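There are 2 protein chains.
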Amino acid sequence: MCQVTVKQIRVYAPASIANLGPGFDVFGIALDGIGDTVILDVIPERRVEITASGDGANTIPLEAESNSAGAVAFYVMESRGLDHGFRIHIKKRVPIGKGMGSSGSSAAATALGVREMLGLELSQREYVHLAAVGEGAVSGSPHADNVAASLLGGFTMVGHEYEVIRLDPPEVEIVVVLPDVYYENKTRLARSLLPEKVGLKEAVLNVGYASRMVAAVAIGDPVLFGRSINDHLIEPYRAEMIPNFWNVKQAALEAGAYGCSIAGGGPSLFAVGENSEEIGEAMAEAFGDADVDSRVILTRPSKLGARVI
Amino acid sequence: MCQVTVKQIRVYAPASIANLGPGFDVFGIALDGIGDTVILDVIPERRVEITASGDGANTIPLEAESNSAGAVAFYVMESRGLDHGFRIHIKKRVPIGKGMGSSGSSAAATALGVREMLGLELSQREYVHLAAVGEGAVSGSPHADNVAASLLGGFTMVGHEYEVIRLDPPEVEIVVVLPDVYYENKTRLARSLLPEKVGLKEAVLNVGYASRMVAAVAIGDPVLFGRSINDHLIEPYRAEMIPNFWNVKQAALEAGAYGCSIAGGGPSLFAVGENSEEIGEAMAEAFGDADVDSRVILTRPSKLGARVI
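Respectively, the protein sequence lines represent chains H and A.
Per the numbering used here, the first sequence runs over residues 1 to 309.
Per the numbering used here, the second sequence runs over residues 1 to 309.
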């Protein structure tokens, strides 16, 4: 049985970018300076109550089963047979539906929160799985690429059954440009665009770029990291859901980015270079050419993942 | 113009295994204790003369254009407008047509040899390209996965236009089991078995395993390295050219191997584990069940690549 050891806890987990170009469903990187805060309280009733504040908080579902934080708490309550429930307040800071791992951030924070409150002893795999349950509630599949990064920080590779390898991230600047476009069920839409079959040649290219990206992270080579942002498997299909995609990407490269691709399931683009501000401006301008407003976020990878604050 | 600075040189380059499971056309690893030696002499005539000795030497072509060492020397003679030629003697030690990078070993040794004899200043990319010319003569495409490993040693990743990233290899034992089967134009045959299209799911699995393998090499984790030997893109298709393949692989895993796959274009299998001798015996026995004789080689990765001896 689980004993409640803490009655209230306040946890933070960073935003993240999944895929990172070549590493669809494998890579994730935690971002510095942007993340969700979750405040958890134990309540005597066996239920999960959710409230939310912050940007776009009115757009997220507040039912436990379909909210990424709520689903994590609900799963623990049910699977551990708890005789109490949780009240969850989510302070949203990660933009919703933009490919920055918003639901993963709340889920990761909640996974840490309940683990600490109940003193659960979880293997890394169980811990990642718990957070991924939250993703499952939102996207329909409990994929772990965003939550692994939010939870553990750094650069993460998700493998079989929630096994994760984590490396300290490279010291690079990351620009994320968020176009002002919205989709219902964005993650499902982004997945529906993908084909079942891809070219062997393209698969080999992605294997090569993904391998180089891991090498870049391991040896700490920011230029190699940026130049490894190349995706021949997913980007060509998802490009169509992003207005003016190819020109925005081209603008990033011409402004000096080493590489640029879609952040997670989009519609944001991220780029890595040494002059983030100019790169971001050029990308926003290219969105503007298609009459799309956008917001530019300048960030860096975060070594830290979810933490009690 | 190139000045001949050395009249005779003796060079050695290790055997190698390409692909290593998940890294088709990308990964290579140099092997310890097994390699070809090439003795190069400058001759006044503008031609390339080739002789060979050693295992299977009578089976390799001795025309400059179709011999992997000869093609390298010929290419330099032609592209640099030399007014002299080369005599090449190849001491074959790497088994031919088995997936151990035999032609790549001779090509890499020759690339080093001519570079040193003529005092050529080559970038790493040009150096790898030169050796790959030798592979092109044999296989029809100048791929660089074997030659990069033979040339530079260690664990190598081949990228765009002969750009290579090299890491020191992991400290592991490698068993290679060479079945006694032969194919005409083996490399071409092995490529002809591959489909143009593959499943996106399988491509993502290979990206994951390849990424984990690079991480394993970088952080020096031999178990993770072995467990990353998983290939969902190529192995299912090439398995059919290897008698009793699935049982031989199964025997390796049951004997304790962390992973096992096809060495390069086959037909040999390689496995990584901590009890190489038993693993090799089990694999040879499984080949025996299909009435196929085989030879077992116990080796390790080589940090060193091609060198003057």
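Just so you know, the hints here were simulated from the structure itself, not pulled from any lab data.
A quick note: this is a predicted structure, and the numbers were derived from the prediction, not measured.
Any given hint could turn out to be false.
When chains are identical, the list treats them as one kind, so a pair holds in a single copy or across two.
[Said to hold, decoys possible] EDC-like mimics (lysine to aspartate or glutamate), calculated; alpha carbons at most 16 Å apart, straight line:
no., residue 1, residue 2
1, K201, E161
2, K7, E274
3, K91, E173
4, K201, D25
5, K7, E45
6, K7, E196
7, K201, E65
8, K91, E163
9, K91, E161
10, K201, D293
11, K303, D32
Status of each hint after checking the structure:
no.	hint	verdict
1	K201 to E161	between (27 Å within a copy, 15 Å between copies)
2	K7 to E274	neither (45 Å within a copy, 49 Å between copies)
3	K91 to E173	neither (26 Å within a copy, 52 Å between copies)
4	K201 to D25	between (19 Å within a copy, 10 Å between copies)
5	K7 to E45	within (14 Å within a copy, 89 Å between copies)
6	K7 to E196	neither (47 Å within a copy, 58 Å between copies)
7	K201 to E65	neither (41 Å within a copy, 28 Å between copies)
8	K91 to E163	neither (29 Å within a copy, 46 Å between copies)
9	K91 to E161	neither (30 Å within a copy, 48 Å between copies)
10	K201 to D293	neither (36 Å within a copy, 35 Å between copies)
11	K303 to D32	within (8 Å within a copy, 38 Å between copies)
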